[in-house]
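2 protein chains.
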Amino acid sequence: MYKIKHKKIISTRGGDVRHGLRVDDEEFVGFGEVYFTEIQRGFVKGWKRHKEMQLNLLPVVGAIRLLLKTEFDEAPVELIFGEADYKLIVVNPMVWVAFEGLSDRNIMANVATLPHDPEEADIQTYEGAE
Amino acid sequence: MYKIKHKKIISTRGGDVRHGLRVDDEEFVGFGEVYFTEIQRGFVKGWKRHKEMQLNLLPVVGAIRLLLKTEFDEAPVELIFGEADYKLIVVNPMVWVAFEGLSDRNIMANVATLPHDPEEADIQTYEGAE
Numbered sequence: 011m012y013k014i015k016h017k018k019i020i021s022t023r024g025g026d027v028r029h030g031l032r033v034d035d036e037e038f039v040g041f042g043e044v045y046f047t048e049i050q051r052g053f054v055k056g057w058k059r060h061k062e063m064q065l066n067l068l069p070v071v072g073a074i075r076l077l078l079k080t081e082f083d084e085a086p087v088e089l090i091f092g093e094a095d096y097k098l099i100v101v102n103p104m105v106w107v108a109f110e111g112l113s114d115r116n117i118m119a120n121v122a123t124l125p126h127d128p129e130e131a132d133i134q135t136y137e138g139a140e
Numbered sequence: 011m012y013k014i015k016h017k018k019i020i021s022t023r024g025g026d027v028r029h030g031l032r033v034d035d036e037e038f039v040g041f042g043e044v045y046f047t048e049i050q051r052g053f054v055k056g057w058k059r060h061k062e063m064q065l066n067l068l069p070v071v072g073a074i075r076l077l078l079k080t081e082f083d084e085a086p087v088e089l090i091f092g093e094a095d096y097k098l099i100v101v102n103p104m105v106w107v108a109f110e111g112l113s114d115r116n117i118m119a120n121v122a123t124l125p126h127d128p129e130e131a132d133i134q135t136y137e138g139a140e
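First to last, the sequence lines map onto chains A and B. Anchor point for the first sequence: position 95 equals 105 in my numbering, and the numbering is continuous, going up by one each time. Anchor point for the second sequence: position 53 equals 63 in my numbering, and the numbering is continuous, going up by one each time.
Everything labelled a hint here was simulated from the structure, so no lab data went into it. Just to be clear, a hint being listed does not mean it is correct.
One copy or any two copies: either way a pair holds, since identical chains are not told apart in the list.
As the list claims (entries may be wrong) - DSS-like cross-link-like pairs, simulated, lysine-lysine; straight-line CA separation at most 27 Å:
hint: 1; residue 1: K17; residue 2: K58
hint: 2; residue 1: K13; residue 2: K79
hint: 3; residue 1: K18; residue 2: K61
Quick caveat, the model's predicted, so the values are computed rather than measured.
The shape of chain A in the complex, shown without the other chains (with noise of 0.2 Å):
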């Protein structure tokens, strides 16, 4: 459903560089695009299901609280990642997600194996337990 890969922050003099995702690590299987998320603190997008995307995610900004489902009736299994918590999630294609923001600013990075294409994609809406 998912695999987590640590990355690597390089602490360099003006700022730190975070590594993403590179062509030969072991995750990677194709390049579609890249494209960056807001996600207000509070606020939970979803639920999505791509049905050929690999998400390939990194928490740029803040914390993001992600869920994620095979069956849509099924309870999700949440994740937590940000820049306190900075690692790769991968989350493999016909998994539902869903993700909230945690911090007072959130971005993620979705390095996509697919460019964006509306019919590849379930949607379902949100409906939190509170």
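Fit chain B to the known structure of chain A by using the hints.
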């Protein structure tokens, strides 16, 4: 030496989505690595010249002043981009690059056409006017 391409910001409930680079963009010549560079306000990183890598630079947070020149002794071209002026700046190989953070927080993404290889880049110390 460089190319500028405006990229869409999609207004979405809970936070905008900003386009980065797509495999079917005419700028796309291959994927090597995505990484994120933080640049403190007033700090300049550079100069660096990649022999083969094309840089595809995106301002994820804040604003950045980019300095570009083909000959080390010439005066640089200055480009400014950031969240308020969101665009992709493509830098060709064999161009000297330096960049400075202009806001409280600045993060730039590079969707590089090659993975990092220290042998592939030349480095020169930046000596700013101040």
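ask   = Hint by hint, which ones does the structure fall short of?
value = none
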